[in-house]
Amino acid sequence: MSKKRQKLISDILVNGSLLLLCLIWTLPSLGMLVSSFRPRDDVLTTGWWKIDWSQLTLKNYDQVFSGKEIADASMPGGVAKGEDMSQAFLNSLVVTVPSTIIPILIAAFAAYGFAWMKFPGRKVFFIMVVAMLAVPLQIALIPILRDYTKLDLNGTFLAIWLAHTGFGLPLATYLLYNYISALPRDILESAFIDGASHFTIFTRLILQLSIPALASFAILQFMWVWNDLLVALVFIGSRPEVAVLTQRLMDMTGSRGQDWHLLMAGAFVTMSVPLFIFFMLQRYFVRGILAGSVKG
Amino acid sequence: MSKHKKVWLLISILAIVSMMLAACAAPTAAPVEPVEEEAPAAEMVEVGGVEYSTAYTGKTVTVFGVAADEQARLFQKEFDEFSEKTGIKVEYEGNKDFETLILVRVEGDDAPDIATFAQPGLVADFMRKGNLVDLSTFMTDEFLTSKYSQGLIDLSKVDGKIAGVWHNADVKSLVWYPKKAFEAKGYTIPETWDDLIALSDKMVADGETPWCIGIESAGATGWPGTDWVEDIMLRTTTPENYDKWTQGELKFNSPEVKNAFDTVAAIWFKEGYVYGGVPSILTTGFGDSPKPLFDDPPKCYLHRQASFITNFFPEGAVVGEDVAYFYLPPIDEAYGKPVLGSGSIATMFNDRPEVREVMKFLATGYSMKEEAMAGVAVAPHKDADPAWYPTDAARGFATIIQEATTFRFDGSDLMPGAVGAGSFWTGIVDWVGAEGANTDDVLSAIDASWPTE
Amino acid sequence: MVAMETSENSLQSSRFFDLVAWLGRLAVSLIVPICTFLVMWRGFIFLRDGAAPKLVMALVAIIWGVGGVAILFVVSNWLVERLSVRWRSYLLPFVFVGPGLAILTWYLFLPTVRTLYYGFFNRTSTKFVGFNNFIFALTDKAMLESFRNNLLWLIVGTSLSVIFGLLIAILADRSKFEKIAKSLIFLPQAISFVGAGVIWRFIYYYRPPGEEQIGLLNAIVVALGGEPLAWLTLRPWNTFFLIAIMVWLQTGFAMIILSAALKGVPEELLEAARIDGATEIQIFFGIIIPYIQGTIITVSTTILIATLKIFDIVFVMTNGLYGTEVMASQQYKQMFKYQDFGRGSAVAIILLITVIPVMFYNLRQFREREAF
Numbered sequence: 000m001s002k003k004r005q006k007l008i009s010d011i012l013v014n015g016s017l018l019l020l021c022l023i024w025t026l027p028s029l030g031m032l033v034s035s036f037r038p039r040d041d042v043l044t045t046g047w048w049k050i051d052w053s054q055l056t057l058k059n060y061d062q063v064f065s066g067k068e069i070a071d072a073s074m075p076g077g078v079a080k081g082e083d084m085s086q087a088f089l090n091s092l093v094v095t096v097p098s099t100i101i102p103i104l105i106a107a108f109a110a111y112g113f114a115w116m117k118f119p120g121r122k123v124f125f126i127m128v129v130a131m132l133a134v135p136l137q138i139a140l141i142p143i144l145r146d147y148t149k150l151d152l153n154g155t156f157l158a159i160w161l162a163h164t165g166f167g168l169p170l171a172t173y174l175l176y177n178y179i180s181a182l183p184r185d186i187l188e189s190a191f192i193d194g195a196s197h198f199t200i201f202t203r204l205i206l207q208l209s210i211p212a213l214a215s216f217a218i219l220q221f222m223w224v225w226n227d228l229l230v231a232l233v234f235i236g237s238r239p240e241v242a243v244l245t246q247r248l249m250d251m252t253g254s255r256g257q258d259w260h261l262l263m264a265g266a267f268v269t270m271s272v273p274l275f276i277f278f279m280l281q282r283y284f285v286r287g288i289l290a291g292s293v294k295g
Numbered sequence: 000m001s002k003h004k005k006v007w008l009l010i011s012i013l014a015i016v017s018m019m020l021a022a023c024a025a026p027t028a029a030p031v032e033p034v035e036e037e038a039p040a041a042e043m044v045e046v047g048g049v050e051y052s053t054a055y056t057g058k059t060v061t062v063f064g065v066a067a068d069e070q071a072r073l074f075q076k077e078f079d080e081f082s083e084k085t086g087i088k089v090e091y092e093g094n095k096d097f098e099t100l101i102l103v104r105v106e107g108d109d110a111p112d113i114a115t116f117a118q119p120g121l122v123a124d125f126m127r128k129g130n131l132v133d134l135s136t137f138m139t140d141e142f143l144t145s146k147y148s149q150g151l152i153d154l155s156k157v158d159g160k161i162a163g164v165w166h167n168a169d170v171k172s173l174v175w176y177p178k179k180a181f182e183a184k185g186y187t188i189p190e191t192w193d194d195l196i197a198l199s200d201k202m203v204a205d206g207e208t209p210w211c212i213g214i215e216s217a218g219a220t221g222w223p224g225t226d227w228v229e230d231i232m233l234r235t236t237t238p239e240n241y242d243k244w245t246q247g248e249l250k251f252n253s254p255e256v257k258n259a260f261d262t263v264a265a266i267w268f269k270e271g272y273v274y275g276g277v278p279s280i281l282t283t284g285f286g287d288s289p290k291p292l293f294d295d296p297p298k299c300y301l302h303r304q305a306s307f308i309t310n311f312f313p314e315g316a317v318v319g320e321d322v323a324y325f326y327l328p329p330i331d332e333a334y335g336k337p338v339l340g341s342g343s344i345a346t347m348f349n350d351r352p353e354v355r356e357v358m359k360f361l362a363t364g365y366s367m368k369e370e371a372m373a374g375v376a377v378a379p380h381k382d383a384d385p386a387w388y389p390t391d392a393a394r395g396f397a398t399i400i401q402e403a404t405t406f407r408f409d410g411s412d413l414m415p416g417a418v419g420a421g422s423f424w425t426g427i428v429d430w431v432g433a434e435g436a437n438t439d440d441v442l443s444a445i446d447a448s449w450p451t452e
Numbered sequence: 000m001v002a003m004e005t006s007e008n009s010l011q012s013s014r015f016f017d018l019v020a021w022l023g024r025l026a027v028s029l030i031v032p033i034c035t036f037l038v039m040w041r042g043f044i045f046l047r048d049g050a051a052p053k054l055v056m057a058l059v060a061i062i063w064g065v066g067g068v069a070i071l072f073v074v075s076n077w078l079v080e081r082l083s084v085r086w087r088s089y090l091l092p093f094v095f096v097g098p099g100l101a102i103l104t105w106y107l108f109l110p111t112v113r114t115l116y117y118g119f120f121n122r123t124s125t126k127f128v129g130f131n132n133f134i135f136a137l138t139d140k141a142m143l144e145s146f147r148n149n150l151l152w153l154i155v156g157t158s159l160s161v162i163f164g165l166l167i168a169i170l171a172d173r174s175k176f177e178k179i180a181k182s183l184i185f186l187p188q189a190i191s192f193v194g195a196g197v198i199w200r201f202i203y204y205y206r207p208p209g210e211e212q213i214g215l216l217n218a219i220v221v222a223l224g225g226e227p228l229a230w231l232t233l234r235p236w237n238t239f240f241l242i243a244i245m246v247w248l249q250t251g252f253a254m255i256i257l258s259a260a261l262k263g264v265p266e267e268l269l270e271a272a273r274i275d276g277a278t279e280i281q282i283f284f285g286i287i288i289p290y291i292q293g294t295i296i297t298v299s300t301t302i303l304i305a306t307l308k309i310f311d312i313v314f315v316m317t318n319g320l321y322g323t324e325v326m327a328s329q330q331y332k333q334m335f336k337y338q339d340f341g342r343g344s345a346v347a348i349i350l351l352i353t354v355i356p357v358m359f360y361n362l363r364q365f366r367e368r369e370a371f
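Here the protein sequences line up with chains A, B and C, keeping their order.
Residue numbers for the first sequence follow numbering that gives the first Met the number 0, beginning at 0 and rising by one.
Residue numbers for the second sequence follow numbering that gives the first Met the number 0, beginning at 0 and rising by one.
Residue numbers for the third sequence follow numbering that gives the first Met the number 0, beginning at 0 and rising by one.
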C-alpha cells in the first residue's frame with residue numbers, strides 16, 4: 000500500500016517539477032507564438048498576454064509564406080509581393096544536410112582514431128582539437144575567404160559545407176571521442192581476436208553503438224547550421240537565388256527593423272524543420288542500445 | 000554578320016588575354032590599367048540624359064549595399080532601362096550586415112564591383128588602404144559638377160581623390176509634431192532656436208510635455224543622441240570646425256563640442272521638458288519614442304528625428320495630416336541654415352569598363368527615380384526632377400536639402416568606427432545616465448578612444 | 000595487439016625511417032582528401048555554371064558531397080590495407096584522423112597562427128607594435144569589465160545550464176511525458192538567434208511608468224504594484240539577465256547529451272540498488288553521477304567554451320553597454336566594427352589562452368583512457 004502511495008507521490012513530484020520547468024522554458028516562446036498571430040500595431044501597443052481573440056490574424060504568416068507586401072504604386076492594387084520563402088527553404092536544406100553529415104562522418108573516424116589507435120603525436124593532436132574548440136570562427140573568415148577566392152570556390156555549396164565542417168569539427172570530434180572512448184573495451188577486444196580490421200570494426204560495430212551520440216551531435220550541428228547567418232553570408236552571400244532562411248528572416252524585419260510581427264511568424268516557420276528533425280531522431284535516444292551489449 | 004563576328008572575336012581574345020594577364024598578376028596588384036579607348040564599333044545609347052556605350056553587352060556588374068527588402072527592389076528596378084539599352088546586367092545584393100561583410104569580402108579579395116556605403120568613414124578607410132578606384136580617373140569635373148553641387152563633390156573626396164558618387168540622401172534635421180493638436184493649441188512653427196525654447200516653455204506652462212526623446216536602439220543604443228549633438232554643432236560653429244571634429248582634429252573636449260553638449264543638455268535634462276523624464280531617454284526605443292505624439296491628446300508635441308522615422312509611425316498615420324515636420328531652427332545666424340543628413344555613396348572596387356558605365360549612371364538623378372517616386376529617399380543629384388516625389392512631404396525633404404546653406408553628413412558615420420560606432424554612442428549613454436554631470440569626463444574618454452596609428 | 004608490436008619495432012628503426020613514415024602519414028592525411036576535394040570542386044564549378052533545374056542540382060550536390068567524403072575514407076583505407084603489415088600500422092591511424100586534422104588545420108589552426116601574428120601589428124597590420132595590443136587588451140577599462148563579466152558567465156551560466164539540463168534529463172527519464180517535456184526544453188535551441196533576440200526583448204522591454212507595458216517582466220512588476228524597471232541597464236544585475244538568455248538556450252543542449260548518457264546507465268545496476276533498499280537520492284549520487292561523470296565533464300567543457308565565445312547575446316541585446324561587455328564581443332567589435340585587426344587579434348589570443356586550464360583538465364581525462 001505505502002509503496003503504491005510512495006510511487007504516486009514521487010510521480011506527482013516528478014511530473015509537477017517537470018511541468019514547472021517546462022512552463023518557465025516555454026513562456027518566452029509562447030509569447031512569440033501568440034504575437035506572431037497579432038497585427039503589427041497590437042504587438043507594439045499591448046502585451047501578448049492580453050489576447051483579443053477577434054484580433055488574431057493569419058496575415059503575418061501569409062506574408063511570410065507568399066512574400067512580403069511592399070507598397071509599390073506601379074503595381075495593380077498598389078502592392079507588390081516580395082520574395083517568397085520556397086527558394087530560401089531549399090537553399091537552407093542544401094546547405095544544412097551535407098554540413099551536418101560530412102563533419103559527423105569525418106569526426107567519427109577521427110574520434111575512433113584517437114580513442115582506439117596508437118600513433119605518434121596522438122596527444123598533441125588531441126590537444127589541438129580541444130584548443131580549436133575555443134577559437135572564435137570570426138577570425139577564420141577572412142583567411143578562408145581569401146583561399147576560396149583563389150580557388151574560385153566562392154558562392155558554391157561546397158564552400159559552405161567545408162566551412163561548416165571545419166568550424167563544427169572540433170566539437171564533433173570532442174563529443175564523439177568522449178562517447179566512443181567510453182565504449183566497453185571487451186567488445187572491441189573480442190572483435191580484434193576474431194580478426195576484424197579497424198575499418199570493419201568502425202563501420203560495423205562502433206557506428207552502430209554510437210547512434211545516440213551521433214544523433215545528439217547531428218541535431219546540434221543541424222540546428223547550428225540551419226540557424227547560422229554569418230558563415231552563409233560570407234561564403235555564399237545573400238542574393239535571392241542563394242540566400243538561406245535566416246537571411247530571408249533578416250530581410251523580413253524591414254530596412255530598419257520595424258516589422259517585428261513578420262519576424263516572429265517567420266521565426267516559427269523556420270523553427271519547424273529543426274524541431275521535426277528533433278522528433279525524428281528522438282527515437283534513437285532509447286534505453287538499452289548499450290545496456291544489451293554490455294557483459295555483466 | 001561577319002563584321003559582328005570579328006568584333007566578338009576581338010572582344011573574346013581581349014577578354015582571354017586580359018584574364019590570363021589578371022590571373023598571372025599578383026593578387027594584390029595595382030588597379031587594372033585604365034582603359035582609355037572605348038571598344039570600337041560600339042553604339043551609344045541614351046538613358047536619363049547621359050550616353051552609354053553598348054560595347055559591354057552581356058557583362059555583369061555586381062553591386063553590394065545595405066538596403067534590403069523594399070528599397071533593394073526599387074534599387075534593382077532603377078537599372079531596368081539602363082540594362083535593357085546597354086546590355087550590362089546589374090546584380091544587386093543587399094544585406095543588413097553590410098558593414099561587417101564588406102570588410103570581410105574586401106579583405107578576402109572578394110570585393111563587389113560597386114558598393115553603396117552609408118558610412119563615409121568606412122569609404123575613407125578603404126580609399127586610404129587602396130581598395131577603391133579614384134573616380135576622377137575617368138569622370139571629368141565637368142560631368143560631376145553637372146550632376147552634384149560643389150559641396151557634395153567635396154564631401155565625396157578623400158585626400159583629393161573622388162571616392163564615390165552620392166546615390167541618395169535622408170534629412171536628419173527635422174522636428175516632428177502632431178499637426179492637429181499642435182494647431183488647435185495655437186502653437187506656431189519656430190523659426191529660430193529662441194522660438195523653439197520659448198515654444199517648449201509655453202507648452203510646459205500649458206501643462207503639456209514638449210519633447211519625446213528615446214536613444215535606445217539595442218546594439219546601437221546612443222546613436223539618436225549623437226545626431227542631436229551633430230545638429231547643434233552645425234548650428235553653433237563653422238562647417239570647417241565640424242569637418243575638423245569628424246576628422247579628429249577638433250577634440251571632443253574643446254569648447255565647441257562642450258557647448259553643443261550643453262545646448263543638448265538644456266533640453267534633455269530640463270525638468271518637465273521630456274516625456275518620462277531623463278530615465279526614459281535612455282530606455283525608450285528610438286522607434287517607440289515618437290508614439291506619444293499620436294496619443295489623443297498627445298503626450299508630447301515635439302520629436303527630433305530623421306525622415307525615415309515615418310517607418311515607425313502607427314499604421315495609417317498620414318504625414319501632413321496626423322503628423323508634420325519642420326526644419327530644426329538655426330541657433331546662430333552666422334552659420335545660416337545648416338542641414339544634417341545621411342545617405343549612401345556608391346564606390347567602385349573593380350575597374351572594368353562596364354563598371355565605369357554603371358558608375359556614370361549612378362551619378363545621374365535618373366538612377367534614383369524609383370526610390371524618389373516611392374518617397375523612400377531624396378535624390379541628391381542636380382538633375383533629379385522634383386515632380387518625381389509622391390507627396391509634398393517628400394518633396395519638402397528635397398527642398399530642405401536644396402535650401403541648405405551647409406549640408407553635412409552624420410558625423411558619427413564619418414568618424415572611425417571605434418568612435419562613431421563605439422565610444423561616441425557609449426559616451427552619450429554614460430552622459431545621459433549621469434544627467435550631464437560628467438560632461439568633461441565623457442568627452443575626454445571619447446578623445447582617448449580615438450584610434451592612433 | 001598487432002599495432003603494439005609494430006610500434007615497438009618503429010622505436011628501434013632509424014631516424015630516416017621515422018622521417019619516411021611521417022611523410023607517408025602526411026601523404027595519407029593530405030593526398031587523398033585533396034584528390035577528393037579536387038574532383039568535388041571541379042564538379043561544383045560545373046554544377047554552379049550548369050543550367051539544370053534547381054531541385055535536381057540540389058539533390059545531385061548533396062549526394063555528391065556526402066558520397067564524396069564517404070568514398071574518401073573507403074578508398075584511402077583500401078589503399079593502406081594493400082600495404083605490408085608494418086606500413087599499414089604506421090599509416091592506418093592517419094586514414095582515420097588525417098582528414099579531420101587536415102580540415103581542422105586549414106580552417107582553424109592556420110587562421111589562429113595568423114591571428115597570433117597580427118596581434119603584434121597595428122590596426123592595419125602595417126607596423127610592428129610589439130606587445131602593445133596585448134597590453135591594451137589586459138588594461139583597457141572595457142576589457143577589464145569583460146574579464147569580470149566573463150567570469151560570471153562562466154561560473155553562473157555553465158553551472159546553471161548543466162544543473163538544469165541534468166535535472167530535466169533525470170525528471171524526464173522518470174516521466175510519462177518524456178518526449179513532450181524534452182521537446183519543450185529543447186525548443187529554444189531551434190529558434191534562430193534573430194528570433195531569440197526578439198523574444199527576449201519582449202521579456203525585458205521597458206516603457207515609462209504609466210504606459211502600457213509590453214515586456215512580460217515589467218507587466219508582472221506593475222501588476223504587483225511596483226515601478227517598471229529598465230532591466231538591461233541595471234548594473235550589475237543586467238549581466239545576470241543576459242546569462243538567463245544563455246541558460247535558456249543552452250540547457251537543451253546539456254539535456255539531450257546528458258539524457259543520452261542516462262540511457263546508458265544499465266537498468267540492472269539501478270534495479271540491484273533499489274532491491275538493496277537504496278533511496279532515489281542515494282542512487283542518483285552513488286550510481287548515476289559516477290556513471291555519467293565523463294559525459295558531465297564533456298558537457299561542462301563544451302558549454303564552458305561556448306560561454307567563453309558568447310558574443311551575439313551581448314551584441315544584440317546591449318552592445319556591451321551598461322557594463323555588460325564580454326571578451327568575445329570586444330573581439331568582434333575591435334575586428335569588424337572598429338577595423339582594428341591588431342587589438343581584435345590580441346583579444347582572440349587572450350580568449351584562447353584562458354582555455355588552457357580546461358585543456359589540461361581534459362588531457363588528464365584523456366590519459367586515463369589509454370588506447371590499445
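Keep in mind the hints are simulated off the structure, nothing from the lab.
It is possible that part of the hints are untrue.
Part of the chain A face toward chain C, derived, beta carbon under 7 angstroms [claimed, not checked]:
hint, residue
1, Gly15
2, Leu17
3, Trp24
4, Ile101
5, Asn177
6, Gln207
7, Met222
8, Phe277
This structure is a prediction, so every number in the text was calculated from the model and none was measured.
Note that CB positions come from ideal geometry on N, CA and C, so glycine has one too.
Structure-based check of all given hints:
no.	hint	result
1	Gly15	violated (10 angstroms)
2	Leu17	holds (4 angstroms)
3	Trp24	holds (5 angstroms)
4	Ile101	holds (5 angstroms)
5	Asn177	holds (4 angstroms)
6	Gln207	violated (14 angstroms)
7	Met222	holds (5 angstroms)
8	Phe277	holds (6 angstroms)
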